[in-house]
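Asks: Bring the two chains, given one by one in their own frames, into a single complex with the hints.
Spelled out from the first residue to the last, the chains are:
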Amino acid sequence: MSSIVLENIRKTYGRNAPPAIADLSMEIGSSEFLCLLGPSGCGKTTTLRMIAGLEHPTDGRILVDGKPIVSVADGLFTVPEKRNMGLVFQNYALWPHMTIRDNVAFGLTLRKMPAAERDATVDQVMTTLGIARYADRYPGQLSGGQQQRVALARMLALQPSVILLDEPLSNLDAKLRLEMRTELKRIHAEAGSTIVFVTHDQWEAMTLATTIAVMSEGELQQVGTPDDIYERPANRFVAEFVGNLPINIVERDDGRSDALHAWIDRCLTLFAVDGARVASAGIRPEALRFGSLSDEEVTRHAAGQGVIVDIVPTGGSWIVELDVAGHRVFAIATEHPQVTTGEQTHFWVERHHLHLFDRDKKRITL
Amino acid sequence: MTQQTVLPEERAHPLSAWKRLSYLVRVKSADPTLLLALALLIVFGYLIFAPVVLLLVDAVTVHFADTARTRQDLGDLTFYYLNRVLLSPISRDLFWWPLAHTAIISAGAILLAFLVGAPIGWLLSRTDLMGKKWFSTALLVPYMLPSWTFALAWLTLFKNRTIGGLPGWMETLGFTPPDWLAYGALPIALILALHYAPFVILLFGNALKQFDTQLEDSARSLGASPLTVARRIILPLMMPSLVSAATLIFAKCLGDFGVAYVLGVPVGFDVLATSLFRAISTSQAGASAVLAGAIVLLGSLSIIIDMRLLKEARRFVTIGAKGAIAREAPLGKWQLPAVAWAFAVFLVSAGIPLAALLLTTVMHVPGSFSLDNFTLDYWIGTDLGTTALHQGILLTGEFWLALWNSVWMVGLAATGAGMLGLLVGYAVVRSPVRFVSVALRQITFLPYLVPGIAFAAAYLSMFAVPRPPLPALYGTPIILVLAILADQMPFASRAGISSMMQLGREPEEAGQIVGAGWFRRMRSIVLPIQRGALVSAILLPFISGIKGLSLVVVLAVPGTDLLTTYAIRLVDYGYSQAANAVVVMLCVVAFAGTMLVQKIGKANLSDGMGSK
Ligand SMILES: Nc1ncnc2c1ncn2[C@@H]1O[C@H](COP(=O)(O)OP(=O)(O)OP(=O)(O)O)[C@@H](O)[C@H]1O
Ligand SMILES: [Mg+2]
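Chains W and S are the protein sequences, given in the same order.
Counted the way the working numbering counts, the first sequence spans residues 1 to 366.
Counted the way the working numbering counts, the second sequence spans residues 1 to 612.
Bound-form chain S, shown alone (with noise of 0.2 angstroms):
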């Protein structure tokens, strides 16, 4: 029978503070998640926090090859680095000019990508646009690309006799294109405008469709015109959107490599990306520390800001209340119209470029249509007579390698970039202490701050030299593995945080109850309800690492060639078309996996899972 026990009048002798974190102890160490979120904690402070601080550190700390100009032993304090990149007299080409052509292809960078994709973003869903579903993925395409891979059809198209090599289309075709056209600020802007536009699509698009129209028809109601519509309301609700769209398409140009590159370079035209490669390659590892770190800080300071913006942004999806309709415009007569420009800009963005680059794989001399210009040479040809590329690309033995290079390495750091952004998702939601979380989640999103050259940078400054337990890494494939992985982690970690958000404590807890320990629960419940999640935390860091130049520019070497780092060496022979190729074989891969990562995406939705 049940009954209240009397209480004791006084409560039973107060806990010793000794008594009570020996039972704390007790009570944590059933459950190993905090175990777990310190030892990712650990990883991830070897493998991002202290590369990153390392670079920083170079920058004002003397090295071995500059012991004698700075007077100075190894290791000390020095502004010697800042000095020479900021002050010197060589710090105008080294830092300032670079510096000026970074902004200047950013501005027009950011201002064609809005001119281009702001109205596409509108027509695509506010509009009864026709053929709406195919653009909506066809006008996606050239960020599923490497940006560089544009730039190559640029070069293909309207390369002069400036530099050396095979002339372009128009040179064939009886056209000198002038230097301005063909090569620095102009197509650079251009290419990284069309390369980055989707993130305005998509941006300005969504906010478009969230966008209640009740308050823009109260606003009509109460007489104000449409323009004055479009300024006094629509616009200053856009704001945030455009403005993240803006910092972000300033973030990337500010680590993109590749295409400063191939149309910068051979003219002299240097962005902070190539000088940065430039002062590594040069083996100026303090001038390459202070770039690095100038370009750590313009892409946290521009990340940053974003993030305050967004946050402000949230606030005002609450205003506009939820569940409104979209209302499509009917366009009319402007339909036509309408839809040539959406089709004219898939073709200048994807559809030409991508032509382009196939054709030139099978002509001897670009541009010429005659018909025994044709070749399958540059695919399967023997005996070429080439110095270095004697048969065409499916015969040469470094083109396979760099694919198995390519396929494994990044394969293995996107797998193990998934599982980590699972178990850090599973640490960051289930700590018990909330500053592990806290820092997890921080520090695996530090690498989004830190543009991809700049981080590659950081990775040479940590393990060039044996770092215990690990020794010299520098020309072995492990550097290259940790470097692609490290970089994926702010992705895979927030996939992860999110399904696991998603999932609950209650499954788990559910196993607990009918006796299954920790590892258990891992194995047969966390990981097989998150096996669609990890699916995609694995395959599209595979996409983005798979197409990825900036970073492992820096930390290949001819033996650990990935197909990216092999195809930009046949840039510098000047193979123009083996060069396509490749890139041709690079694209294909980046957009077979986008494509399945999308199906199986939509597999797992209505997976018959979930029981709500």
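Here chain W stands alone, though its shape is the one from the complex (with noise of 0.2 angstroms):
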């Protein structure tokens, strides 16, 4: 329900700290799901507890629903206790004095709402997030699943306008994660509330997202749709981060012409690419197709040729790993391959599957 934006913001922790954040320039639009994507230590707690206020930025704005919240520059800061925002905590951060009830129900007795709405309001939340059982427990004595719907609770009970969620579900086996990101989409859909989730794992981000914003070291790579991101990544580390079987990456700098330079030199010329300008490509391995062609067909498709290593079946589908002059370059095939190891085999690949990138790892639009 709220916009937020984040103006060139920097943070370092301790003065001669490298900054956490470098600079960064985000707007998350009102009701969105936006999932800040990236590998392990590359900000994006620091960011989320610059949202909330946990942390203040060394440098920079935010505003929510275009007002300020804060603002180095004019030395503006807002408390967290007046952002009236939800976060839910990695591990949780129950109060371990305090029953199921009680924990849900203390944002609400210090907004002083009248006791009966205060426990119509606690029971209802309770109720649809299954927890209501266990009102007069201890959170010691629930199960990790269980303490995170209390969490998720305590936190939806305040009706915020902005959720903010730090790996929720991270602690959680398989099961309980479906069930938790059922629940979450279905409070995105209800609440119409602007979530900001925060994960290192890309198919939280993909199923869960209206837009992820993937970042690496304290720099935002880029934002977009979960299609956006996966098929059209802007530049090199999107491409190699996302994705379940990493990308094929062929580096046209490193030295060698081989057969797989050779390929992907007659493909950008079957496709009508400056070669010049293109460092380094990428197939993604579901995009890779393989099987053997007539010569007319190798001619069209721009084909090359590989050993098939290995076939690892993987329920309902297949990793195919060729061998191209030395390298390894895998494959996915989503019906039985009708071939064996050892066979020799062509394998092409379709122009809008191919992703090229220059000598800055930038994405070459085609």
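Don't read these hints as lab results, they were simulated from the structure.
Errors might be hidden in some of the hints.
[Unchecked claim] Only pairs whose alpha carbons sit at most 27 angstroms apart, straight line, appear in this in silico DSS-like list of lysine-lysine:
id, chain 1, residue 1, chain 2, residue 2
1, S, LYS133, S, LYS333
2, S, LYS28, W, LYS67
3, S, LYS333, S, LYS132
4, S, LYS19, W, LYS82
5, S, LYS209, W, LYS67
6, S, LYS209, S, LYS28
7, W, LYS185, W, LYS175
8, S, LYS133, S, LYS599
9, S, LYS599, S, LYS132
10, S, LYS28, W, LYS82
11, S, LYS599, S, LYS209
12, W, LYS67, W, LYS82
Bear in mind the structure is a predicted one, so any value in this text is a computation, not a measurement.
Replies: Structure, rendered in structure tokens:
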């Protein structure tokens, strides 16, 4: 329900430390479900905590609904108590000395809500999240998944305009994870809250988010829809970070000129791309086609040739490993591959599945 | 829709230092932790740092009584006192002999404590000794009770005609103990050794427990004999814990006033603590400052050495692999002698003295076991015909006053110390300015370096005259409460710091997120979570304060007597039965308190709390 704008945010912990966030600018639209995605230590938690007010930026501005809540240049800083944001901590941070009911009710008590109304709200939230049974227990007596729901309930009871979640699913088993995912989607759909969700799990990001922001080493790499991120990675980092099986990368500048390089050269010619700008090329395993082709088809697709080294079934799909002039190249088959190890095979790629990057590792748009 | 905002080519104007400062002030003022830390720093600067500094200054400035003698003005820098205590003809009686005595009894106490404690530490940690659990509590009893209790017990048994009053048991039984057995270095060292042997048992035992048996095994498998293993491997690794126990015992002996007062002073055997006490009670402010300074210096040195060694020890711990299971050596045919030895140590260090004390309180003539000699007069009798004490202590107003004083003064001080300790813990762990947190930690630790009697001398220097905003406090209960509180801060603040470290920031941050301000977070989140820690941070100082003598003996006056000082006063009058009765009551309070803490400590662990 609220939009958030980060402007030139910089954050250093301690005077001489390198910046955890170098210069971050980002807009999060109202009712958006944004995932901050990135490897460990890239500054996701730091960003989230700055939005919540638990850390203060060293430089920059943060605006909510157009109004600045933090502005270093103007000496403005709104304390977290006054921001009306909901945050769920990675380890839940429930209050061990309060019952589940008291944990959920505490924020409402602070807001001086009448007791009857408060109890009704608390009961309703706890029922929705299926924790009403444990109302009189202490957090120490609940399982991890149950504690996690309590943390969500505690946050939802206050109906915050912005919901911040720091890897909330990371401590759950696969089944609970799926349940909570559905729960989060429902909350987003029903309450229409703006949600910022931190994760280093791309599957989580892909399946939950309306928008993904990929970060690396304190810098924003790309912001876009899950499809954008996957199909049009803005740079090599995003291309390599996203994807279950790592993307196949061919470095054109590594000083070798073998069959694989030659194949890429032929592809570029076929697709009429100026090869001089292209420093590297990437093909996702599922986009790499393979099989026996006639000579005419080989020319038409600019196909290359390799030897099948290994076929690994992964339940419904197969990972096929090729050897091309000593390089390992991976492909994914969704139907049982009609090839056997040791066989020669052709491989090729469609134009729109070829990702090209320049010397600065930025995407080259075809 | 989201998109990446286009970054301006160059940075918005560089911020002025002033703007940045005002921003930081804004950020920090949202959170009063720094203010709290600064306030605490001021409070403890006043209650701990200032008295100690003042004491040291007192040692080198002219006091009013000595302006004529030194021919200098009040407050001038002078070496008169240093000269008097360290070099003048009376320096031998005032300083050098007491120093030598202190050295002798500490050395003796350390040696004896090791002879008694080390084998027991080993028996308790590495063997299948029968009744290990019972022994590991019973053998710590001596430390739970005031050390000078045992001096009184000794006197009860071995007192001879050299000093007045009732005879001891030995005398009554027809054997006159020689002076060297009844008074002076031997009994003092022995009693201090038995009292502080638990240090050795605990420190040495724990070190042995953590010691990795694999190291031992690998040496054995290389063909080393058990003796070589002990000498070349176990001993070097145990060294830090041994030295640590030794320095601790030394520091404690240095400040221990009661034992030497009871067993040494009547025959003119002075140690530094009693010499300091005499200097104070004869109003020699300058000399007492020098003496106290010397004790502080020696105490600090020993503790600093100990801390150095503890750091070393930590290095060793990382070498010993974790999770190694300490093997229990079967005692076999040595089982009986071992149990007998442990039990004998228990009898000598706790059983016999306590029984003797208790029995004395119900006997007219100590040690005479005829039926008509038994009496309850000293507890509940009336018209006893003695000059100062007409009734049994349970009927004497002063006793109840002293008990009440002990309870409320020590109770108040301990509560204050516990609460402040928790706040100190919070401020130290959370303070955004490292310097403040380090300073706070060091200042609250300072009393640990200053033996009780020297700390009391410091309090006299500080509060015998008005120190704005406080009036002169000598003779009031306030000075006792403040001194006990300050003296207990090292433990209380350590407890606070360690429990705050464990707490972590998150529960509080979660409170911030749902809208709780600082005070509300303190009240509803931090303090309730730390309830258990708070209880022990109050109770342990209470126990240690209630049995403490060295600190209060200097500061209490008859109107503000505590149980300890009241007992000592009775000793001075020669009413040993009544004194013993008071001491028995004191032991009951101290022991019950200790047991209570252990109970509560356990209850907390399994409280269904803690979501990790
Ligand atoms: N309180 C702190 N003091 C100093 N440095 C910190 C602090 N918190 C984070 N950092 C540093 O800032 C950087 C970003 O940390 P952050 O916790 O935001 O990473 P993250 O993306 O959340 O990683 P993860 O996925 O492991 O949680 C890291 O290099 C980290 O070491
Ligand atoms: Mg994180």
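Asks: Run every hint past the structure and note whether it holds.
Replies: We went through each hint and held it up to the structure:
1. LYS133(S) <-> LYS333(S): 20 angstroms, holds
2. LYS28(S) <-> LYS67(W): 22 angstroms, holds
3. LYS333(S) <-> LYS132(S): 17 angstroms, holds
4. LYS19(S) <-> LYS82(W): 23 angstroms, holds
5. LYS209(S) <-> LYS67(W): Since the Cα atoms of LYS209(S) and LYS67(W) sit roughly 62 angstroms apart, the hinted pair is violated (cutoff 27 angstroms).
6. LYS209(S) <-> LYS28(S): 46 angstroms, violated
7. LYS185(W) <-> LYS175(W): 16 angstroms, holds
8. LYS133(S) <-> LYS599(S): Holds - the C-alpha atoms of LYS599(S) and LYS133(S) are around 15 angstroms apart, at most 27 angstroms.
9. LYS599(S) <-> LYS132(S): 19 angstroms, holds
10. LYS28(S) <-> LYS82(W): Holds - the C-alpha atoms of LYS82(W) and LYS28(S) are around 15 angstroms apart, at most 27 angstroms.
11. LYS599(S) <-> LYS209(S): It holds: about 24 angstroms lies between the C-alpha atoms, which stays within 27 angstroms.
12. LYS67(W) <-> LYS82(W): 14 angstroms, holds
When each numbered hint is compared with the structure, violations occur for hints 5, 6.
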